[in-house]
Amino acid sequence: MEHISNEPSLQVRVASMTLRNPVMTASGTFGYGEEYADFVDLGHLGGIVVKGTTGSRREGNAYPRMAETPSGMLNAVGLQNVGVEAFCSEVYDRIKHFDTNVVVNVSGSTLEEYCQVAARIDALSAIPAIELNISCPNVKQGGMTFGTRPEMAAEVVAAVRSVFSRTLIVKLTPNVTNVVEIAQAVEEAGADSVSLINTLLGMAIDVERRRPMLSTITGGLSGPCVKPVAVRMVWQVAHAVKIPVIGLGGISTAADALEFLMAGARAVQVGTANFVDPTVSVRIVDGLADYCRRHHIADINDIVGIV
Amino acid sequence: MKKQMTDFRVVAREDYLPNFFVLTLQGGEPLDEVRPGQFVEVAVPDCREVMLRRPISVHDVDVEAGTLSLLVQVVGRGTERLSQVAVGSTLNVIWSLGRGFSVAGERVLLVGGGTGVAPLLYLAKCYAARGVRPTLLLGGRTSGLIPTLSRYEPWGRLCVATDDGSLGERGLVTEHSCFAEPYDHICACGPTPMMKAVARSARQRGIDCEVSLENMMACGLGACLCCVAATDEGHKCVCREGPVFDIKHLNQWMNE
Ligand SMILES: Cc1cc2nc3c(=O)[nH]c(=O)nc-3n(C[C@H](O)[C@H](O)[C@H](O)COP(=O)(O)OP(=O)(O)OC[C@H]3O[C@@H](n4cnc5c(N)ncnc54)[C@H](O)[C@@H]3O)c2cc1C
Ligand SMILES: Cc1cc2nc3c(=O)[nH]c(=O)nc-3n(C[C@H](O)[C@H](O)[C@H](O)COP(=O)(O)O)c2cc1C
Ligand code: FES
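Protein chains in written order, with this note's numbering: chain Y, 29 to 335; chain B, 1455 to 1710.
Simulated from the structure, these hints should not be mistaken for lab results.
In silico DSSO-like pairs for lysine-lysine, Cα to Cα no more than 27 Å straight-line:
(1) B:K1579 with B:K1650
(2) B:K1457 with Y:K124
(3) B:K1456 with Y:K124
(4) B:K1456 with B:K1579
(5) B:K1579 with B:K1457
Since we're looking at a predicted model, the values are computed, not measured.
Make a model of the complete structure from these sequences and hints.
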């Protein structure tokens, strides 16, 4: 009798956070998860990263905030969110029972604001990790400036490290000449993991109206068009740091996710693709399992960084 | 109502010159919970330039036949491609999204401009189901830009305003003689300047008024926060908290 092969194991670990599979959803593209409840069983995902949360409520940038570009989109949302207090008192109660890792994306304009938000989230026991967003291109101060200079990145990470006890993921911007030195600086400063990439700074012009498409003139580019840039950066960083890397940027199929895993990512996040197909994250999970079966891979960790 | 993603079959396509068309879709799902003023997000098939779905209003629903119609104007790449879909092919649609019209009032005026007339057909039918016969005031630059007029005729008193006077009264919808009549409820959908003019007049006359905003969207589900309108209570998602808003919350928008 032929032996029936076991289901492949998709479980991965990112520092002290265990994920049932490597697929998470990216901050700012999946709301608080609730918005996708009709389409996705969150229990099938490795985790979700909720909206960027700041010290106080933010209205974000003026409309228009979005423009479609070839195989991608520009956004200039500008961290619109309810603020950390409302997150803790209202949103948290609604999402803390989700059967997946709920990671909070922490944003800010000053070092103090990052620490304030991180310290509040530290008190929420159902949040296993924060993702420190030192890479948002859509806010005037802070945001990306912290993520473009190794000393500043290290300083904010060290400060947040001292107030946050669980898994600290630091999200890196691709808008730098040398992403490796930033990754190494935040590793040194106490980050448990890095995620990359955030959006690429871009711009589009409406030639009929002779003006920029976005109210902020420039914005963040995401979607399939950024994927090769993201894979390259993940590959570079994965070779240069010891902490686990989370890869994202343009993932919309299981094959895309596999590129990131092979480049050295322990887990991946799906962003813009959720807008096109709200079920895509679960389809990618299924696709990974299918790939492992076809290639007789017992444990998905076996292909991480094989390239 | 639960949001769904469904492969609908295109059962009919009617073209209206110069650049409008109506698609009638059948998906095998019950449509009785679809509200007038809601919209759907259509995936544009086989079109490499278009990644994001396109938001299109519910034009008509036939609950018994299980069909949903969309009235679309070709304005760019996505709508151009949609105008070419063959009868019998499938369209992947997320439906039905957003908050529709309240269908309130007894003396009701429905104002539409350009493709803004699209949601008013099913809205008028829903008023009819309540025993209310609304005044339907449809406007456009020229008669050809008010498509599918005859479809509206059975469902209300039809009034037309065109900029060039080629049909109905010459001028803007707010200049039409029927606009000044007494109403207790107005619904408007169309170009922003038109909706603002209608809303300001309603505010001044103390008439309840709802407008349907058409902001650019990425997700349609309230997740990306790309589609916001500046309401008196701050930025609100047009896709989830709209597209229909009571003008009581849009004073700032009206004043802009
Ligand atoms: C809630 C809602 C309901 C809508 N209902 C209808 C409807 O019933 N029938 C219909 O024909 N259209 C409707 N629209 C508008 C429709 O979504 C756009 O015309 C369409 O997305 C344009 O796609 P495209 O690829 O053809 O144009 P693109 O090539 O993307 O753009 C071409 C031009 O259209 C403009 N445009 C793009 N998106 C929008 C938009 N959302 N609103 C206004 N202008 C836009 C662009 O600024 C550009 O100038 C609705 C929009 C919303 C938000
Ligand atoms: C509309 C939108 C909003 C976003 N908001 C955030 C955010 O609040 N915090 C953050 O760290 N990244 C944010 N991002 C970046 C994404 O999380 C992701 O890094 C980027 O889009 C690349 O992945 P993708 O190509 O799969 O979308 C946002 C992206 C988009 C498109
Ligand atoms: S379109 Fe994404 S929130 Fe409205």
